[in-house]
Amino acid sequence: MILDVWLYGELRKFSDTPNKIGYGQMLLDVPEGYRMRDLLERLNMPTAARGITFVNGNLSALPGFQPDLEHVFADNDRVAMFDLRSMWPFQYRNGAAMTDSMRQAVQEHPEQLMHHEHSEEEE
Amino acid sequence: MWILRIDMKELSYKLEDVPERYRLLYGRALTSQMIFDEVPPLCHALGPNNKLVFSAGIVTSTSAPTSARVSVGCKSPLTGGIKEANAGTSWAPDLASMRIRALVIEGFPEQGEKYWGTFISWDKDAGKPKVEFFDATGYTGQDVYDTFPKIYERFEGRISICSVGNAGEKSYGNSGIVFNDQAKRPSRYAGRGGVGAVLASKRLKFIILNEKGSPGVDIVDKPLFDEGRKKMIDAIRSHAISKPKGGLNSYGTAVLVNILNEAGGLPTRNFSSGRFEGAAKTAGEAIFETNKERMGKEIYNHACSPGCIIQCSNTYYNTDKTERTSCIEYESTWSLGANLGIDDLDDIATMVQLCNAYGLDTIETGGTLGVAMEAGVIPFGDSKGAINLIHEMGKGTPLGRILGSGTETTGKAFGVRRVPTVKGQSMPAYEPRAVKGIGITYATTTMGADHTAGYTIAPEILGVSGKSDPLSPEGKAELSRAFQATTAFIDSSGHCLFIAFPILDIASGFEGFIQECNGVLGTNWTAADIVAYGANVLKVERAFNEAAGIKAEADRLPEFMRLEPLPPHNQVFDVPDSALDAVFKEM
Ligand code: SF4
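Chain order of the listed sequences is A and B.
For the first sequence, position 102 matches number 102 in the working numbering, and the numbering has no gaps at all.
For the second sequence, position 488 matches number 488 in the working numbering, and the numbering has no gaps at all.
Everything labelled a hint here was simulated from the structure, so no lab data went into it.
Covered stretches of chain B, as calculated for chain A (at least 3 residues, CB under 8 Å): (1) 252-264; (2) 274-287; (3) 431-444; (4) 449-456; (5) 492-506.
For glycine and all other residues, C-beta sits at the position ideal for the given N, C-alpha and C.
I would like the entire structure built from these sequences, with the hints used as guidance.
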């Protein structure tokens, strides 16, 4: 099956068009059952390098908050990852679509919903 | 501290003491209160009874970081309601340093064709500001990038300039008031709601400040202020979004283009889709990397005003290393990009520059052009055609005048049904069908659709968390109220709204923010007090709007958002009216 992968800003260095302005995009042929974890491994990208992440327009991870590692992709999924300089203030994402695992994680940790992770790794 | 009143009918001025009831009011709190107290709500916005009030914030002109903001208030010719627009510029601390708490422009001259300038400076002998008038008719009808250098040449010493462009002179509902940035560019706009037309209706072309010799503002409790200031600086410098070479300093606000596009919430081709195939070419990352390629090095953003340590303002360069424009904000690259189906960054930069040169608000301009494209005036994606239409607006051709009246008027003129406005003001760059929370704020703010009306401040600090589920419509309504109130306070403090990012996540930053204000004023405010202060601002604004005929029924989004599902999520705006009404019912 095919994944449409978009890597923005600095993350384009993990794509096969690292010199493109602003982003890298590639279509990857992957086996059934492929997970976010497998994709990161194939891209050679440490999961901590990515911040905001989407699957088909549904928010699946925030900086330092990544309940999506076991997410299983379907054919033609669009996956987008942003570097840690990117941001999405809460007022501009309050009510936006989330993946099921994100929705569940947010219900368990509602404080994560509003805040931008302020961790030492980002310093 | 004074209220300085300039009477444009008599070409005279007077200084009044600040009355006791205004003692703690600054920035938006003061402009809105004075408009409520002095402007008849049913007056014509461009008539003799409307007034313009300028006021800097509580900590403006102190050493508090990122705090050189000035609020401009009036009755809006675009919405018919109250308006506060603000800008970051050296003009703000210069006004405050001369101890002018509010500058009020009232009346207009009998001889309508003549324009005036005012020069306000500090009279050392008298120990107060003085105002001189000069004939500015010769500066009208020109690009503000041409008039600013002439003014810098004419007046000696370090001056700050407030002015209005062609759009204001032509009485457009789409016209801003322009202030200088740190490089003397006429690029910092109090952009929204037609405030430029109100200034021009007074036949006032320039308000020039030279604060040399002025005493600056008093700080009642200096140690407390210093403690707060330090905490704020630490918070700003350590947060990923606001720190040096962080999100805003690298990519500017346009960092949001790709995010909203991936989320399916980037309004595209006049709000007919939430995703634009060319978005990545118009985003902050692309601006940063195009500059890097053209200039041969990484270019980080600059401060729009003195004392800003976030520094989010970009400059976009040509291939020959000359400057094309400053600054391309998220809202501008969206309104003139995705919203028009345009992905050519050079042309978008040209359009931003033209809007600045003519005195147009980029959001209202893009909104209007989107509706014009929908009507078939030019096709979507036609960037050269869009550039021409902006020239028509600036030059005041008959078509240009229709477009200059704003998105809603253009929609009526061309019989377009999909018109993205609330209370007559064009909607910014977040699709309410994809991001429902912002839809609640767009619908209910006193200003007409406005993305700066509800910045997030930690609800646990404000004492509003835990009462209802933030994902439910009721929870969102409750949050929107708290956010709008706190935002009204930040707009009164003089800080740029972008301090909201670090103080949301870093508790000591929030503490420092309140300490700075308490230090200047000698108050003992707590978090609850500043929410109450902000809520009071909203109450005053809503009371003005109601008396102007804009009642709770106007707190709605346009109907098409309830009828047309938006791709790619194929959602309509389904927040019930009862939730919209709940936002301010309890206030
Ligand atoms: S953060 Fe940006 S908009 Fe705000 S004061 Fe600084 S440069 Fe200006």
